[in-house]
Amino acid sequence: MQTKGTVFRYNDNVDTDVIIPARYLNTIDPAELAAHCMEDIDATFVKRVKQGDIIVAAKNFGCGSSREHAPIAIKAAGISCVIAQSFARIFYRNAINIGLAILECPDAHDGIAAGDTVSVDFDTGKITNVTKGTTFQAAPFPPFMKELIAGGGLVPYVQAKLAAKK
Amino acid sequence: MPMTMTQKILAQAAGLNQVEAGQLIEAKLDLVLGNDITAPVAIREFEKTGAGNVFDKSRVALVPDHFTPNKDIKAAEQCKMMRTFAHEKGIENYFEVGEVGVEHALLPERGLVGPGDVIIGADSHTCTYGALGAFSTGVGSTDMAAGMALGTAWFKVPAAFQFVLEGKLPKWVSGKDVILHIIGLTGVDGVLYRSMEYAGAGIANLTMDDRLCMANMAIEAGAKNGIFPIDDQTRAFLKEAGRAKYTEYAADKDAVYERVYTIDMSKLRSTVAFPHLPSNTRLAAESTHITVDQVVIGSCTNGRLSDFRVAAKIMAGRKVAKGLRCLVIPATQKIYLQALKEGLLTQFVEAGAVVSAPTCGPCLGGHMGILAKGERAVATTNRNFVGRMGHPESEVYLASPEVAAATAITGHITDPNEVA
Ligand code: SF4
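Protein chains in written order, with this note's numbering: chain A, 920 to 1085; chain B, 9 to 428.
Heads up, some of the hints might be wrong.
[To be verified] Derived DEER-like restraints, expressed as beta-carbon distance ranges:
no.: 1; chain 1: A; residue 1: PRO1075; chain 2: B; residue 2: THR270; range: 44 to 50 Å
no.: 2; chain 1: A; residue 1: LYS969; chain 2: B; residue 2: LYS176; range: 55 to 61 Å
no.: 3; chain 1: A; residue 1: GLY971; chain 2: B; residue 2: VAL362; range: 45 to 51 Å
no.: 4; chain 1: B; residue 1: LEU348; chain 2: A; residue 2: LYS969; range: 51 to 57 Å
no.: 5; chain 1: B; residue 1: VAL268; chain 2: A; residue 2: LYS969; range: 44 to 50 Å
no.: 6; chain 1: A; residue 1: GLY1034; chain 2: B; residue 2: GLY60; range: 48 to 54 Å
no.: 7; chain 1: A; residue 1: LYS1065; chain 2: B; residue 2: LYS381; range: 43 to 49 Å
no.: 8; chain 1: A; residue 1: LYS1085; chain 2: B; residue 2: GLY250; range: 35 to 41 Å
[Claimed, not checked] Stretch by stretch, here's where chain A covers chain B in the computed footprint (C-beta under 8 Å, at least three residues):
no.: 9; segment: 49-57
no.: 10; segment: 79-91
Note that these hints are calculated values from the structure, not bench results. Using N, Cα and C, we set each Cβ at its ideal position, and we do this for glycine too.
Use the sequences and the hints to build the structure in full.
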């Protein structure tokens, strides 16, 4: 699986309160959530984002609350992949559970600028900055998580488990 | 191989004699929690699993605390969805307005969490129950749905940092100052993926409310959980909460910690976290230049009885500074009632503060005290991210109830020693 898009670049500690502010949490509709995605950190994000675009961030992306609305909003806004130096653990879990692609890569943040075109190969973890002609290697997923993602997230996993019990 | 306290609890819940850091396990759950923001998403996902019924009607807790009493029509619809689900599935621990409180104060008070339990909650501050020797951690809504369906969850066994607490806190310094000090040391991602395990003789000098506040903010250091050893204070708390059955675990003497911090609590002073990170800490005494529009005393961090007792002690007979709004929000009905009986609420109202029904309210910028552009609040809550309490250009300073009360009187950030 591959994706290619324009980069939105952010720094350390992008928290779930700026990804989707709590004032919008009175809905669970992905499209409504997406309409306010990143509003408090990047007011023009929603206007500029196109299907397939990529977020590149530094450390501890998604820190703060456990709201799954955060990865849901990012995914529904059209983002195909988030690349960060590290992720907050609940965000990491949530992204995998809902099938938002995320990659941990120590060097990508320094080597990619906002607006660059980047392509990602999820099988190999290879990230290519098409604009600059450079490449970066992301950490591969542990096998259990690969299985979870390949199966379509946690819900199909639960369905399979329940079926096996019967 | 020796194990940490967290690892021992997880090993038992996974039916294993031994686990080690990094291992993926499937553990049995003692409780699955959700609130009015996260449960609606979880309910939608739960229905997709086709499970039909929850794994155990007595082991699911649904707590509508964030936007209640319903702040608007959409919030009312979300609560209705929870209520209907709870009714249909026969869930025993659903709490209606009138008995509801902020989840992480309510569940310990009701004896629903205890030593040795493995608990997931679709709320990041689920780590609070580590104060009682439980393994508890925040997850997302899909995890909650899976937990409700299967009664199990997958975990990566965490490594640990140890925090050795020595000595006794000075007057007007409390658990909040200890945890803010620690987060200032580690940074907001310093303990990422790991357990914060507490040890040391100083723990005996911390009240249960102090410990609940400290475990609550483990997530603010990026940790998976924060956990305290069990002592007589823990046992007394559990007895009072009506929790009779539980298993006590202790870390092996030779358990391995990736890092050990030793903290002499007698050296700590009132501490404040400046915007917009809980790790951005300074001493209150050095922050007096910050003028404040609003003070909030409440939340799952510091909305407990001892917090109101100490705040009332500082505020009694004094007036809230002119032009400042002071909000007092007891975390549960039980706390509210006791504060009422002790005359604390009278003292707050006489001082010019407003007392609210239990709710998360302003803590997450929900309702009941939202900040306008450019406004500043001192809050006993746990997060001060951009826009957390309202307008993206407003500011939140995190502090203890002692500092919050002193600040309410003077109108600027104040070390309680200056006024009391
Ligand atoms: S009081 Fe604040 S931190 Fe605690 S559960 Fe409510 S919103 Fe979350």
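_Hints breached by this structure_ = none
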